[in-house]
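Enquirer: Here is how the chains run, residue by residue.
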Amino acid sequence: MRIAYPALALLLLTAGMMHAQDYLSCQLASGWTQSEAIHPYTADNLYDYKDGGAEGYLIYGFAGMKSLNCKSGENTLTIDLSEMNDADAAYGLFASNRDPRAPIAKIGMGGQVQALSSTFAKGKYYVEIVLNPADPNSDHTTELTALVNKMAQRMVGRETPPEALAWFVTEDQSTMGVVPQSVLGLKELKHGYVAKYKQGQAFLVLEDTPESAAAVLKVLRQKYDGAADAKVGDDAFQAKAPYLDGICIFRKGRTLGGYANLPTAQEAATQAVKLAARIP
Amino acid sequence: MKGKTSRRNFLSTGLMLPVVSAGSSLGILNLSAQTPASPAGSPLKLSYKTLGKTGLKVTSVGMGCMITSDPSVVTRAADLGITYFDTARGYQRGNNERMVGAALGSKRKQVVLSTKTEARDKAGMAKELDTSLSELKTDFVDVWYLHGKSSPSEIHDDMIEALQLAKQQGKARFVGISTHSGQAELIPWMVQKGVFDVVLSGFNFTMESTGVEQAIDAASKAGMGVVAMKVMAGGARSQKPGQTLQSALKWVTNHPSVATAIPSMTDMSQLDENVQAMGSTLTAEDHRVLAAHLEMIQSEYCRMCGKCDGTCAQGLPVADVLRYVTYADGYGQFALGRERYLQMASQHVTARCGDCAECTVQCPHGVQVRMRMKQAQELFA
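The listed protein sequences correspond, in order, to chains A and B.
118 is the number that the working numbering gives to position 118 of the first sequence; each next residue is one higher, with no gaps.
Here the working numbering = 1-based position in the second sequence + 280.
Possibly wrong hints are sitting among the right ones.
[Said to hold, decoys possible] Covered, in the sense of this in silico footprint (three residues per stretch, anywhere, with C-beta under 8 Å from a C-beta of chain B), are these stretches of chain A:
1) 42-49
2) 97-108
3) 181-189
Please keep in mind that the hints were generated in silico from the structure rather than gathered at the bench.
Glycine included, every Cβ here is placed at the ideal spot set by N, Cα and C.
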């Protein structure tokens, strides 16, 4: 084991020293060469590049971006590597941009590869790749799959989605993701996770303490006329709410959760019981 | 704003502005009667303006949907009477259009709906528009923009042909360009070109008396509809929003050349606040808030107006250097600031402002250029 320690230490040191630009290389894709210097962007000047789309990054907690342009014959390829504040933010950005009609591939925390583009998140990094081919009808899925897999292997960071997403009931689920601000459109639910279903949506918000979660629940309960107690978790209410239809919101420890947009409050409460049971 | 009373004077004196453009009108909506979750009993004044020669009636506050995640906020905005909704093909890689389309539902034809394309050729634009219509669940959009342009050189003839074709086919009623920078050059070009109905521009209280405001005034005068976005100055993003945001919103919605402003909204509370700001005049308190905010940011906040270009005796790219030093002390990105600084031409990297007896650069907005340049040289060189 002694022999392994220096190697391990070197590996850890190397991993710790890795920077975003170290993950970028056109040569990860066979036959591609770099065509320009890497362009760096911060929250201040992301508008220069993602003009009109910058806020979509900033709201998730954006630290910086490196953009690399490659070419192969007449084809061009752009790799945008965004460094986010943490892995949840990176996954959140990936989930908000994913095509809900296409499957998620096991690339880092999750990825998607299509004919001319790919996205994935690993650790605190979110990667977008766009290929502009000379023939717009060409399919580069295989090439892009190889590229993103090589890239993900070089990258250090978490490979599993946020833990809370695993608590959602999976049956009839269509999408799930991270909401950076105002879950269900309610400012009281500052940041959390949402899963959408064939009917309705479920949410989870992790407060710092049970007390702060209780305080938020109290405010929400007062918000809705006719809110009635529900037997879910440590404390809960159900109501018929404007724009959210049948809702049930509960607290279990420091976690707030619930269902919304179901036909009745009772149906929301029934689903909420299942969700609460899955929270450790 | 030539020929008009300067709002900067009002900022300093705290006087109230004369309000809203000709053709604007007010409507009253009792919020509480229609929306049980809204603030108690306050009747809302909805104010309407005409979007240039399009003739479209829009509320002076519209809704930027880019970062809205829950459709209930969009639905409620439509129920409250907001009539302008903005999205783009590129927002969340199309997911935003899908959300907006679902949220508007049967209200679609009661509102003005805009989207944008980033495609750069005729075929690509046509394909994106068809996808947008499908995702938005509509046969047409009211305004279709070229997304995020900053120079006429980015706009090719075939892109204009695609816009015109979309109008002929009835897929877009009106067309325009969205822009965050370069407005002083781009917007006059749009006016001269005569084929654009609407401009969606970053515009806020820090831009008074700049080339941006002059361009927007000229566009409005020529009959182009003006939609304002980024109503808070970028440098104010990290400051406490609250009243500053509301005052900044009122500044824009009271601007005679602006038909509607489209602040981003993520929740019901923001929506209520923004709707309640509609139709309000700028108060003395608003003027004080904005003046204080401007005072706070003006010595460091570069508006990128370009008026300092070519005025440095040593030929330094002043706006660029100001940006680099902001990376370091405004955003904690020292390495990036230094990297960009050192990428300048060698004579610029080695130049020192201390070598000049006096500075030839005069920022019309009060940025202390010499001090900031010296800070950059001390930090990076």
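Enquirer: Hint by hint, note whether the structure agrees.
Expert: Taking the hints in turn, this is what the structure says about them:
1. 42-49: As far as the region 42-49 of chain A goes, the hint holds, because 6 residues have Cβ atoms under 8 Å from chain B.
2. 97-108: With 4 residues close enough to chain B, the hint holds.
3. 181-189: holds (count 7)
The earlier numbered hints are all upheld by this structure, with none contradicted.
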